[in-house]
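Here the sequence shown stands for residues 1 to 423, where the numbers follow UniProt numbering.
Source of the hints: derived by calculation from the structure; they are not laboratory data.
Take the hints with a grain of salt, since some may be wrong.
Claimed, not checked - Label pairs and their in silico Cβ distance ranges: (1) T342 / L209: 36 to 42 Å; (2) T359 / P10: 43 to 49 Å; (3) R146 / S224: 41 to 47 Å; (4) F5 / S203: 53 to 59 Å; (5) H129 / T359: 46 to 52 Å.
Glycine residues also receive a C-beta, built at the ideal position from the N, C-alpha and C atoms.
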Amino acid sequence: MSPWFPPTYPPMPLEPFCLSELRTIYTTGENAILEWLGDAMIAAAVYLCVHRLTKDPDSRALRSQEVTGYMLSAPFLSHIALLYDMNVMPSMVRMSDVFEAYVGAGAVRWGYESTLRWLDILFTPWAAHLSATETIAAKVTSTVRRGYEDWINKDPEGSISPLNPLVVEKSSDTEIALASAILPDRRRLLLNGLPTWPTVDLSTVVLPLDYPPSLPPFRLEHVSVLSDAMTDIFCRVHFGEETGCNTGYRLVGERLYQLVLTKVAVTRLSSDTPAELDEARLECSNPQLRARLALSLGLHEQVRTLRRDGDESKESSVVCCHALYALASVIYLHLGCHVLVTLFEDLLSPWVVAAGTETLRVDPSAENRRQNRLKQQQATLKLSTGSVSQGKTADKAITWDRYVTLIPKQTRARVPHCGRNVL
């Protein structure tokens, strides 16, 4: 059974690209940054589309390799690329890469919100079909349930407190605001974290005087949605399936966070290479930094987790990360793309700039990539200087001899060797 397609499918591009834009989209190397941006756009669009269609509190479709995993794979994206006449590419992977660059170019030309809407129309028939099939695995709660049971077994006799209500302030007859700490306290929490958290040195980053930004106002009808977004999955396991939780919101919000982070990196670090941009994004995706960003917005006071009576322990960094993602999702879905981008651009820009200038260095994986990139650059530079001519310096001679030894013996006699015996 195939998906049902409307008569106007596939959606036409919102605006045609000019020849120079098409050349960049189709040229390997030149399209690397567009491809990088398009990858983040597609991931966010797929998760938003599946979340909208399923409304599944257990988020089976969002977690499923048969749905989101399949729709983000090279085979699927290359078939989508065929709809836009990208069959001139020599391989499936290249078609997928070019389609990602095509979407990235669309984000730049059409705008991010318009491109996400276009992708939603493009992906909806497939997401609806895949989410409705019986190939989706059973509820993916075994890992969560084991974690819940481990938590319970630490003190099986202890009584569990009821969930705290969301702390909101009514700013008008129709609007509310999430209550958060005053600005000096939020900056202190941002830099120091909570007492039980690992130490992270953020003192090298210069922050604006009015940092961090304030959360936007919400409407009264958003209270229940915000409550679900701040509720940990363990609460649903313990109190029953009628209890909302943030699993779906955080899965979508994680992709939205990565999208805005990618947008900020492309905009603020426009002279950087794709490798350098990726390192900056890794730095700003560090779990400890993200958790501290949640603290700066006061989300640690809002999260609803399982607590035993009398327990005053602070929230874990993982719970705060999940709350940050869930908040991003709620803002996008209920306040709009512009509000989300404005808030998270202000929230992330200082850290992206600091990562680009290497004054923010908190993530080990980013540091490993940075060191590998520098080693490759040094090796490339050495080879390029050694291949200009043969035999002018000792270093060049060593480089030449090293590469001659890689040639099979039976063909070495035919290699020009400037009078040196290389046999």
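Hints versus structure:
1. T342 / L209: 36 to 42 Å: Since the Cβ atoms of T342 and L209 sit about 19 Å apart, the hinted range of 36 to 42 Å is violated.
2. T359 / P10: 43 to 49 Å: holds, 45 Å
3. R146 / S224: 41 to 47 Å: At roughly 29 Å between Cβ atoms, S224 and R146 fall outside 41 to 47 Å, so the hint is violated.
4. F5 / S203: 53 to 59 Å: Because 55 Å falls inside the window, the suggested range holds.
5. H129 / T359: 46 to 52 Å: holds, 48 Å
In this structure, the earlier hints numbered 1, 3 are contradicted, and the remaining ones agree with it.
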